Amino acid sequence: MKINAMPPCQAKCPIHMDVQGYVAAIAGGDVQEADRVIRRTNPFPSVCGRICTRECESVCRRGKSVDEPVAIRALKRYASDSAAAGAEVPGPEIRFSEKVCIVGAGPAGLTAAHDLALMGYRVTVYESEDEPGGMLTRGIPRYRLPLDLVRSEVDRIRSLGVEIKTGYMLGRDISLQDLQKDFDAVFLGMGSEKSTCPECSGMELSGVWTAVEFLKDVSRGKKFNPGNKVIVIGGGHTAIDAARTCLRLGAEDVTIAYRRTIDEMPAGMDEVEDAREEGIRFEFLTAPEAFEGSGKVEKMRCVRMDLDKSCGGKGKLTCVEDSAFEMEADTIILATGYVPRTEAVQELCTEGGDRLEIKDAAGATRTPGVFAGGDFVSGPTTVVQAIASGRKAAEAVHRYLRGMDQSPEAQEEILQDLDDDVARLVPKAGREKPVCLDSGSRVHSFDEVEHVFTPEQARTEAARCLHCSLGAHVSRDCAVCLNCVLVCPYNVPRPGEEKAYIDMSQCQACGVCAGQCPASAIDLRLEPRTELRQNIRRVLERAESNSQNDFIFGYVCDFSRTRPRELKGENVYTITRPGLGRIDVYELLVPFEAGAREVLVSGCGEEDCKFKDCSLWTRRNVQKAARILESIGIDPERLKIVEG
Amino acid sequence: MIVAEVKPMAEIQDTIKNYSKVLISGCGSCVTVCLSGGAQQVEVLASSLRTAAKSQGQQLEVGEETQLRQCDPMFIEQIRDKAAGYEAILSMGCGAGVQTMAETLGNIPVYPALDTVFFGGADGQGGFVETCAACGQCILSRTGGICPVARCAKSLTDGPCGGAQAGNCEVSKDTRCVWQLIYVRLFRLGQLHLLKETTPPKARRVHPARLNRAE
Amino acid sequence: MGFREAVESGKFLITAEVGPGKGTDMHELLEDAEAIKDRIHAINVTDLQSSVMRLGSLAVSHILADKGIEPIYQLTCRDRNRLALQSDLLSAWVLGVKNVLALTGDHPVLGDHPEAMPVFDCDSVSLLQMMRTLNGGHDMAGNELNGVPDFFPGAVVNPGADAGAGLEMQLIKLEKKIEAGARFIQTQGVFELDSFEKFMKRVEGFNVPIMGGIIMLKSAGMAKFMNKNVAGISVPESQIQAMTDTDDKVKTSVEIASHLVKGMKDMCQGVHIMAIGWEKKIPMVLDEAGI
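Chains as they are written, first to last, in the working numbering: chain A, 1 to 644; chain B, 1001 to 1215; chain C, 2001 to 2291.
These are computed hints drawn from the structure, not numbers from a lab. No experiment lies behind these values; they were computed from the predicted model shown. Even for Gly, the Cβ is constructed at its ideal location relative to N, Cα and C. It is possible that some hints are incorrect.
Covered, in the sense of this in silico footprint (three residues per stretch, anywhere, with C-beta under 8 Å from a C-beta of chain C), are these stretches of chain B [to be verified]: (1) 1147-1160; (2) 1164-1172; (3) 1194-1208.
For each label pair, taking beta carbons as the anchor points, the in silico distance ranges come out as [to be verified]: (4) E1064(B) x K433(A): 44 to 52 Å; (5) R1080(B) x R533(A): 21 to 29 Å; (6) Q1058(B) x R533(A): 53 to 61 Å; (7) D1072(B) x L616(A): 36 to 44 Å; (8) E1064(B) x L616(A): 23 to 31 Å; (9) V1206(B) x G2142(C): 18 to 26 Å; (10) E2031(C) x P1200(B): 42 to 50 Å; (11) K99(A) x E1064(B): 57 to 65 Å; (12) A2084(C) x D421(A): 57 to 65 Å; (13) G1095(B) x Q548(A): 23 to 31 Å.
From chain A, some residues computed to sit far from chain B (all C-beta separations above 12 Å) [stated by the list, open to error]: (14) K194; (15) G236; (16) P266; (17) D270; (18) E271; (19) A290; (20) N483; (21) S520; (22) K640.
Required output: the full structure, derived from the provided sequences and hints.
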């Protein structure tokens, strides 16, 4: 797909996943296909299906203009959880002799390894810890991301021929110079795990932890008793993760102290909500001054902050005078920020600084052949950002090794918002909610909180996709009759300068106009006519040869949940389509040409339909075709609409 | 534009009953716009005829084709070779299209699948209305831009007959009397005085009319 | 005194109407005409009324003239082009028919041959101009006539046309007809004197005698039918009720018609009574109206 035709969900996704593609496959009931589509761009579907920050959903036009966004993340999880394990990505067509080394087996490094392996390179990954996965295995708590899922994604990457060597730390066990000698290119993706701590006294007290250390220890299964009262300092995902983990370790009173307000929290609102549900308290505009206790921490002295938002950005913080107060604590966890460890790669850093010098968006460093990415470059971000960074780096490594120019950044041009006048006509359909463990019981275990969609939920939810940008387009055969203007249930087409103009941003892809275009000049990007006609021909040929003159041909809507009994049984051949308003008169008649005994059209009934007026146009087309049948002496009752 | 409608199926079947290889030819201009003879209608008619033939145990091969404009020999030339492979042509063009095709192809019979009904425009609701009679002596300047020649059942040019009821024509109760429309338009334009002018009977046009490009 | 002389002398004019039938039998028509000839100034002969194919008005007009009953030859533009219209007019003149009522005519689709071609080469205004041209010794093309007629042309108006644009256009067209040479005007059937009086105020100064049209009601059903289907006719509820309640429809019908004649005597210059088969009752109407 051309980037300028991207729907917002795909454009916003850092790795431009074909969201519509897999959502459509789920709607049509084909989980394997959905998984294939997902894996084309994402080596960590089961991870992203759980902990992705889902920027796609934040821009979903259904959510922006109609009701609520499509539950894209939950659908992705459904696809990857339900797909059979056999859905392998095909291996590379060409193999290159060059060897590439990746340092750091987090999502950025592993994605780069995955992509480069698929391109045909030999890839070795060095990981300082004893298990690959980076933050996925040692930062994200189990109740959000079960460990075995990450392991199985890593195994898939291994299965592409990637060698992962654990226990090798750059600067300790291996050096950059050696790697440059042994490999043709190097990618550095060592993450951003060095905690930055507030300038407080009492940091040395026992019971004061950094969140990364804390979560890593817990994930390794280390027994940990946080005591009763826990204070977590910070406002990001890690702060929330640490706080919720403490609850699960038995703490009863967990407070997150953040120096700004809820509006500035980097953590997602849904995470905040989940935490609140579980009983975690929040102290906003609160900053630590000192941790106190004798040997072991007992309390935190802190001050109230004042946030002046008028100066732009995240606002200016100042201490409120005489506002000091104390909070008791058995454990204090610092989740206030992380920076990359750059000691081992000083030669790549800015003069006298400890920041990596990066020359372009693909992660080229000042040394040719050495690239860097992920949190190691950007500081802590999200898993999908890390994947995107790994992908870009893989592309850059490939271009470097092949002597190609580095590719210019593609200009993304995304769809306009839905006009109010169009949005108002789109039938409303509330978002499906996955079942979650109730907040009372979930805090006592590390069981995954959110469950996967049931198949019914998944299909219903997937049917909510608006197919942005997959709507109608007008070919040069347009006779400018403007019938499309008259029939569109959403009033989208307009007379254009040379032909009818259908705004891609507004079209709902119901296909009514295509079915009514007398010049056959309108087609849909969502399953084009040629595809449909080929399908019809193929199915009719099969029907003709298997059950000559004694078969039933059915058109079934992808989005209808039940299948009428007339369409079950022997000698029934069906075509499914996303919506039936687009099935034109010819398509209703042509099965009779092939000898169909009956042609049945199975929609979902008026009230349920996701497309406005779809049933109306289906009915009109059926009536029109029935009249033609009558005129040629064929019983019009042989063509009918059946409902589930 | 020219407005046409598809002939009754029985009549179409009758005209081609003696042929086993027929090419249906649509027209991409007026008759596409009025939903009667465009590419979509061509495939619908073709499929219908094939199905009908099959159900009656007859052999019928039907080809499909649509020209940009059937009333110009230059477009017909483009399908000359294809047409040669058929015994007859069923034109879904207007009367002008059928004749241009018959004239250009010469030795292949061309039959109409449409009835050409009038000149007119879209009514904005999916229908078409007769608005011009091609009389050759336009008087729209005196009738507020509404033609009584085409739109009055009696083509009266001197005002309405006495038959209008509730502003509707005596011939069809759901058609506004065109003189009612003219009166309202002239009133709005401040040109009611034009109604007092008498229009002499028109000189009738001699058929066939011609328009030479050189002039 | 002939019809033309009556018009020119300013007398209160009385005309009636006969409709030739389908076929050649004129027996009843002639009997009706004979029965009223002494009470009226002339009898209109309709021209394929309602576009139903019948015996022609020219032949019947000629036969009436022969019998000394003065006809008003109704001539419509529906079936004849300008050649036929001029030729039929000249034929009329040589057959002794002098009064011609110029009409546009109903559309053929309303009659019993709905597929017939509607001609309407001319309209009522140009038909009147045509007669003036012929009276002046020329045909429409400007050719001189050898032997010149002297028609006495009349025209019609529908006072009950839709209020507003409908009536305004009727009045404008009436002026055009008068300008084109109409010497007398007969109106569509009138049932209410108040509204007719208002209409007459609108045509004050037109300087052509107006003859109020009176249709004799035969039943309540006929009244209702006309209200629904005939342009410009509105029979008031009181008259429909009277026709429903009466034991003697003829008597009531005559009462209604004579009341209208009486009323019109002071409003306009004559009456045109359309009895539609009840021609023989016309003398009773006139008697009761005191004429």
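Verification of the supplied hints:
Coverage of a stretch by a chain is defined here by at least three residues with a beta carbon nearer than 8 Å to that chain's beta carbons; for the segment 1147-1160 of chain B and chain C the count is 8, and the condition holds. For the segment 1164-1172 of chain B, the assignment as covered by chain C holds, since 6 residues bring a beta-carbon within under 8 Å of that chain's beta-carbons and 3 suffice. Here's how the segment 1194-1208 of chain B fares: 6 of its residues keep a CB closer than 8 Å to some CB of chain C, so the rule of at least three is met and the hint holds. Between E1064(B) and K433(A), the C-beta spacing of about 51 Å keeps the proposed range 44 to 52 Å intact.
For the pair R1080(B) and R533(A), the supplied restraint of 21 to 29 Å holds, since their beta-carbon distance comes to about 28 Å. Evaluation of the 53 to 61 Å hint for Q1058(B) and R533(A) yields a failure: the beta carbon distance comes to about 25 Å. Distance hint for D1072(B) and L616(A): a CB-CB separation of about 39 Å, consistent with the stated range 36 to 44 Å. Restraint check, E1064(B) to L616(A): a C-beta distance of roughly 29 Å satisfies the suggested window 23 to 31 Å.
Separation of V1206(B) from G2142(C) is about 20 Å and conforms to the stated range, judged on CB atoms against 18 to 26 Å. In this structure, E2031(C) and P1200(B) meet the distance hint of 42 to 50 Å, their C-beta atoms being roughly 43 Å apart. The supplied range of 57 to 65 Å is met by K99(A) and E1064(B), whose beta-carbon atoms lie about 59 Å from each other. Our hint of 57 to 65 Å for A2084(C) and D421(A) holds, since their Cβ atoms are close to 60 Å apart.
In this structure the hint that G1095(B) and Q548(A) lie 23 to 31 Å apart at CB is violated, the actual value being about 42 Å. Remark: the non-interface label on K194(A) is consistent with the geometry, its nearest Cβ contact in chain B lying 67 Å away (cut-off 12 Å). At roughly 58 Å from the closest C-beta of chain B, the C-beta of G236(A) stays outside 12 Å, upholding its exclusion from the interface. Consistency note on P266(A): stated as away from chain B, and its beta-carbon is indeed over 12 Å from all of that chain's, at 55 Å minimum.
No Cβ of chain B comes within 12 Å of the Cβ of D270(A); the nearest lies about 48 Å off, and the non-interface call holds. No Cβ of chain B approaches the Cβ of E271(A) within 12 Å, the least distance being about 53 Å, so the stated non-interface status holds. Distance check on A290(A): its Cβ is at least 78 Å (rounded) from any Cβ of chain B, clearing the 12 Å threshold; non-interface status holds. Some Cβ of chain B comes within 12 Å of the Cβ of N483(A); the nearest lies about 7 Å off, and the non-interface call is violated.
Against chain B, the non-interface label of S520(A) is violated: not every CB pair exceeds 12 Å, the least being about 4 Å. Every C-beta of chain B lies more than 12 Å from that of K640(A), the closest at about 17 Å, which supports listing it as non-interface.
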